[in-house]
Amino acid sequence: MKQLVILSGKGGTGKTTVTAALAHIASQELSIVLADADVDAANLELVLDPTKLEEHDFVSGKLAVIDPGMCISCGMCEDVCRFDAVLPGDETYRVDAVGCEGCAACVYQCPEDAIHMEEQLAGRWFRSDTRFGPLFHAHLFAGQENSGKLVTLVKQQARLLGLDTGAALTLVDGPPGIGCPVISASSGMDLALHVVEPTVSGVHDLERVLGTTDHFGVPSLVAINKADLNQARSEQIAAYCAGRGVQVTGLIPYDTVVTKAMVQGRPVTDYTDGPVTEALRGIWGQIKCRLA
Amino acid sequence: MIVTIASGKGGTGKTTVSVNLVLSLAAGAQELSDRGFESSGESANRGGPLLVDCDVEEPNAGLFLRPAIQERMEVGQMIPEVDIAACTHCGRCAEVCQYNAIAVVGEKVLVFPELCHGCGSCTLNCPAEAIHEVLHVTGTIERGWAGPIEFAQGTMNVGEPMAVPIIRQLKRWVIPPGASTSLGRTASTSPGGTSGGRTVILDAPPGTACPVVESMRGADFVLMVTEPTPFGLHDLRLAVEVARDELGLPVGVVINRDGVGDHGVDDYCAARDIPILMRIPLDRRIAEAYSEGVAMVDELPGYREQFRELYASIEQLQVEGEGRGVGDRGQGE
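Chains A and B, in that order, are what the protein sequence lines are. Residue 1 is where the first sequence starts when you use this note's numbering, and the numbers rise one by one after that. Residue 293 is where the second sequence starts when you use this note's numbering, and the numbers rise one by one after that.
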């Protein structure tokens, strides 16, 4: 089984649109498993119409809790906290749940043993069915940490089911950026497809995300979305990729049909047979060659 | 006043709004007191806007403002370094570390910098006082000027996982004390809050996880930039949960590429009583200018006034929100 992750660096360049389209096209030829690794803003479910089969809690990270009955307001906890998460309350100190990193430094320094750690329910993850194959997705609760761990969990579940059922491909919709969730989403992948727009920010961000996948030894392909928006920038990206030995697999034209398909809750390739679909089919062809 | 520009979904126009807002405010200030101030110091005294790019994974605002960077600093995590001569291998450091970032193996102590959160608990708990901390560099923070606009950004090194410490240090470095109108409200003599401090605009990263929260903490207002599509709406809801429900901050919405999708965002904002403060239409000229790194208000100067009005309505809402927050203190004027 092969594993492919869709990334972008910059957000909003079309990762989920491309993932959904590839899911639609690929599932016509082979059996696939899907994972949405953008756990703090998961959108793949909006265009795949999944039926939820299982729902699980994601318990991760701890939070310091001060027992007001035992607190003597000495302020030691506030002194040792490096995350500005201990706040003086009306009579005793209290922990700002949003700021707390769960380091427990205050627990060990409190002379009254008035602080303990509590596990947090940080999100949920789901196994669903879609008409293109099983989908693993998750919802990290607002403002939570450890998105990397939840990404890893969702990916692992997809991979295990794929191995059990003899699927040929795991397709992972990645998060934006280059930090911990991206590193988690990329690890162990056979290939990363970077979706980039021909803008100054797109070019700048591509360099950084390619640096990240290179750093972790994941081979890359590039697809240019809305390529005709700025021809010169598209050429610049192509030249940059050539210089770096990264193949540009296709140019997706700018077309509002992409948004129309999204509003209908369908992959764009399932919604229309126009130039966008044609480009995405071409990209899938190149991915297949590369994974073979 | 500190305003964080956020969105949930990426690519909706956070940086576009941030950059054009400060450019419009700066141009307005220039027009009002065009007496030929040249030096940056004078600008600071005049209270010119400060833009802080908190998207340290993919910082883009600088591509549009092209600031002259004047100061640069390496930042990161304080990680433990063990003095092996003093270490008794008792294992206390590994026991207290919540992140498995330090391990005692026989007579050796291993530190894993990429797991360390820099909390200092191992240092505090070492009975032999054998641990001191050193800076493990994970990124850079910079500040400078783009004309009358003060600019700052953080850049995380490629391959590093943790954005939050860089954002935290960036904010501590550049946001002047007293910039927040909410925190200073008890001491503030100006109920309008407009003269209370600098205008500080924070350009947040996408998503809703910890880097976004760090970018919103301490702000007076969160402005959500969204697009009227199912993806935009889905992620807007999550971002509002963070800003309004978790952090208790007032929020407002800018709809970008208005006309492209459906009515979901409008319906949601009406239902949740979230003011829509500006609409930027779907316009290929804006997208093309963006693709070349040209700010929208330079290409289409008519928008300057709209961005100034946007800021004025945020100020107004923030004052009203404060009024509600402190009970019967009265609203607005």
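What the hints contain is simulated information worked out from the structure, not anything from laboratory work. Note that the structure is a prediction, hence the values are computed from the model and not measured. Don't take every hint at face value.
[Unchecked claim] Covered by chain A, per the in silico footprint, the following chain B stretches (three or more residues, Cβ under 8 Å): (1) 413-421; (2) 489-496; (3) 499-509; (4) 522-534; (5) 537-547.
Just so you know, even glycine gets a beta-carbon here, dropped at the ideal spot from N, CA and C.
Here's how the hints hold up against the structure:
Using a Cβ-Cβ cut-off of 8 Å, 3 residues of the region 413-421 of chain B lie near chain A, which meets the minimum of three, so the contact claim holds. A count of 0 residues in the region 489-496 of chain B with a Cβ less than 8 Å from any Cβ of chain A is obtained; the coverage claim is therefore unmet, three being the minimum. With a threshold of 8 Å between beta carbons, the proposed coverage of the region 499-509 of chain B by chain A holds, since 8 of its residues qualify and at least three are required. Under a criterion of three residues with beta carbons nearer than 8 Å to beta carbons of chain A, the stated coverage of the region 522-534 of chain B is upheld, 7 such residues being counted.
With 3 residues bearing a CB less than 8 Å from a CB of chain A, the region 537-547 of chain B meets the requirement of three and the coverage assertion stands.
Hint 2 from the earlier list is the only one contradicted by this structure; the remaining hints agree with it.
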